[in-house]
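There are 2 protein chains.
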Amino acid sequence: MGSDCPGVAIRWPRGAQMQEAPLSDSNRIADPRLRDRIMDAEAAAARIENGATIGMSGFTGSGYPKAVPLALARRIEAEHAAGRPFQVRIWTGASTGPELDGALAKAGGIEYRLPYNSDPVAREKINAGEMDYVDLHLSQVAPMARQGFLGPLDTAVIEVSGITEDGALIPSSSMGNNKTWLEQARQVILEVNRWQSPALDGMHDIYYGTALPPHRKPIPLVHPDDRIGQRHFRCDPDKIVAVVETDAPDRNAPFSPPDAVAHAIAGHLLDFFAHEVKQGRLPPELLPLQSGVGNVTNAVMLGLIEAPFENLTAYTEVVQDGMLDLMDAGKLRFASATALSLSPEKAQWFNTQADRFRDKLILRPQEISNHPELIRRLGCLAMNGLIEADIYGSVNSTHIMGSRIQNGIGGSGDFARNAYVSIFMSPSVAKGGKISTIVPKVSHTDHIGQDVQVLVTEQGLADLRGLDPKRRAQKIIGTCAHPDFRPALQDYYDRARRTSFGMHAPCLPDEALSWHTRYIQTGSMRP
Amino acid sequence: MGSDCPGVAIRWPRGAQMQEAPLSDSNRIADPRLRDRIMDAEAAAARIENGATIGMSGFTGSGYPKAVPLALARRIEAEHAAGRPFQVRIWTGASTGPELDGALAKAGGIEYRLPYNSDPVAREKINAGEMDYVDLHLSQVAPMARQGFLGPLDTAVIEVSGITEDGALIPSSSMGNNKTWLEQARQVILEVNRWQSPALDGMHDIYYGTALPPHRKPIPLVHPDDRIGQRHFRCDPDKIVAVVETDAPDRNAPFSPPDAVAHAIAGHLLDFFAHEVKQGRLPPELLPLQSGVGNVTNAVMLGLIEAPFENLTAYTEVVQDGMLDLMDAGKLRFASATALSLSPEKAQWFNTQADRFRDKLILRPQEISNHPELIRRLGCLAMNGLIEADIYGSVNSTHIMGSRIQNGIGGSGDFARNAYVSIFMSPSVAKGGKISTIVPKVSHTDHIGQDVQVLVTEQGLADLRGLDPKRRAQKIIGTCAHPDFRPALQDYYDRARRTSFGMHAPCLPDEALSWHTRYIQTGSMRP
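Protein chains in written order, with my numbering: chain A, 1 to 527; chain B, 528 to 1054.
Pulled out of the complex, with its shape left as it was, chain A reads as follows (with noise of 0.2 Å):
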């Protein structure tokens, strides 16, 4: 370090950011020498040749680019039709939507897909064993694409929401790794996209102090609203080879509203949080919620509008609609996030409304809002939800039956090691019944024991901090496991400790993932 001082993270005044003109909704591209490269989508696509590695943006369903992917997706076919092979490599951020791993899936058109998928055509594709997806932990995938192994980028497909007169990008909705993109990619094409808000500009804050080491320093960040870095992408002009102008909404599934199930899950977590409170080891402010995508971690959002918490903050990866709900409760103060996820009824209402929260938001790229030296300065609350655990709390979060992919480990991995309470939750049974939860062993572990620190379904909360093995596995049969089949799993550890190799943590190997095996021949997990 030397004697260089790390830079200073900017607490800016409420609203500061406010005070400059917001982009102008008729000139979304001000920089006069970009305006020779405006083109339609087709054109732009015909830049991708095949084998290309493309960097696309998106994050869970928001940001990411809608007219280049589909014109690929058309190109892909046309040179399919014509006998001709096309593929390319596609890196996103995390998860985007049906125009583009869609469309590029369906297209037969993706060779290779990192770090993070949930569109259902790709999903087929690639339990179908004809497309490679390397499921990647969210915080690492720029420095990964920095370091070099996984071979060059070609293009950078992203979307703005404007562009200024000097040339500087304006975020829409999501950060993903859109900055490492832009500085790695040979050429650059952009959308600019119209439908997002203009008022996004001045929430995000893009973090340009990172390395690859030896020459990596302390990031200077030490509460979730912090600004530690600029509002707008820098990027070469000269790469940039086109412009595609669009006006498409990001494309979320909506959620469906808390049932039963996701009201007793939040309670039970709620209930955990206000005796934290009391004992002293929490905060009456909490310490910055980490929540995972999906209608758990939404309900739980909900329920903390009637809790006795307030000045929440977040530090987390997306903001979802249960998180917006909770700021114009007046609950949550701040929210720091890499991307927007919100279904298409919330996305339309924020559009109208994005003003009121440019003070309460901050989008930062995913490596800032994943990093682990982050995480574990902040000691988040982290809140992630899971396919299976088993009876000593190793969470599988990825593999169904231990082998085919539902999304991908996502920043789970990041969030559950560096958190200070580590919480996993999910309803105890799946298919209408026909599948625990808890279940002898995991087919897949995401997340080991130690990362698992307090599980809850609709059945109870266990909390297993401090606990050995055994006593972990008492504790989740007995509070979180579905009384339907908490027999089966006392009967198998009752067994196990008694004739397992060791006792330290008892297992049957023979029967250990039978629950799987009837559940692939019967369709059941029942006996």
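No wet-lab data here; the hints were simulated from the structure.
Bear in mind that the values here come from a model prediction, so they are computed numbers and not experimental data.
What you were told as hints is all true, and nothing was included just to trick you.
Here are the computed lysine to any residue pairs in the SDA-like style, where the Cα-Cα straight-line distance is at most 25 Å:
#1 A:278 with B:738
#2 B:1002 with A:129
#3 A:434 with B:1038
#4 B:805 with A:53
#5 A:217 with B:742
#6 A:470 with B:674
#7 A:470 with B:933
#8 A:470 with B:647
#9 B:805 with A:186
#10 B:997 with A:147
#11 A:470 with B:678
#12 B:958 with A:499
#13 B:1002 with A:89
#14 A:239 with A:37
#15 A:106 with B:1025
#16 A:331 with B:740
#17 B:1002 with B:1025
#18 A:475 with B:676
#19 B:858 with B:835
#20 A:431 with A:511
#21 A:470 with B:676
#22 A:470 with B:577
#23 A:217 with B:736
#24 A:475 with B:670
#25 B:633 with B:780
#26 A:360 with B:743
#27 B:744 with A:281
#28 A:431 with B:1029
#29 B:997 with A:150
#30 A:278 with B:740
#31 B:744 with A:213
#32 B:887 with A:216
#33 A:278 with B:678
#34 A:106 with B:1029
#35 A:475 with B:674
#36 B:744 with A:214
#37 A:434 with B:1029
#38 A:217 with B:808
#39 A:434 with A:486
#40 A:106 with B:993
Let chain A serve as the given structure and place chain B on it in line with the hints.
Same frame as chain A, now just chain B:
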């Protein structure tokens, strides 16, 4: 952070700390206030009550208290002989020695143990289900103790190498969690061990800037040789109830000289490093090395003596024999660790030579040596051993046949997830060829595929970075597996590719753990 600039690391001129007079060997207890608290180990052990929670010093067989635990074990045996219950709860840095874990376990005196053990007597108790053992990430132990859910700490029993006139404590050959135990314990018992070299004084760097959230700040360390703290522990003298004088060696296992297998593993790894330097993906002096405990990692250190890398550094948990040899050969410029873990011969030698290492070594608290923030910032090259790995590159570091714990996860999770390159290595077979280190599925997961980037056996090195599961499997089977087991692994994988539930990571749950079942039933994994 407000207007504060986070403390800047001080880079001491080499050897600057040597200018202060080292501890006088004739007076290890210089503080007159503590003279009347000098007593024998029995009297000190009498201060410990049944049911107490005790924070002990000790990390990988060094710097652990050697007299009081033995006296406590005798007291426990006497109590048990008299029909009275007596058990304690033991927290340490990591593993200790036979005088601590061995003696107390033999006496049946340990009710609860965290966060790491390698003592064979304690291991038997744990695997007989007679001792609760909680295996934790070593970086997280101190913060968890402060967090409060583990309960209060009654007594700290800490080995030091001396006490200064003003009551500061001069650490001994390991740091572990001593700072935290001294802070948290209601009462403190010190062992002052005259066997430890007086020249240790000045090799320690104790950072007092950690806190619980929301008060955490960036840790101002950016090079392995930065000094960010102070050389002595502080401790309220009123809490010190006993001072026991000892003169006893750290008792560590000797190293075997590297065999052909260890040489082959080291050779593959050094070739990989050379290749990465050639590709421009590593600097010529590499990046700070982390090296797990064991003969194979020790062989890598010895291999580096002949390798074409200069000015190496280490940021690691423990300094083993090989690292001192690498320093002596002029190849390793500097090492930061939390403990020395030397063979008896090397420890004896070190004690006569310690002065020569005073500008080449820093020992730090384990929450700093293993801190994710620092490991990721420095970009460590993490090299750890394993018990088994599966065809997709998940690693089991802890549980034999899924149930019997060997030692514990230690710091491998802290390093593997945050390393610049995470490497795991092991011979491809164990137990005279009866166990294959590469299995269809690990029986317990400590390190998920995302955290296992390079896998090495004497058969070869598999660079798994950026590969999807199926390419990982083909590479691991073809490169790392022992030829005796390769056909059976390939057969399993081929059949899984035909009939698996999903084809992302093909798996046959009814057969995945059958190699472990066969070993349990027949004593061999061979069909």
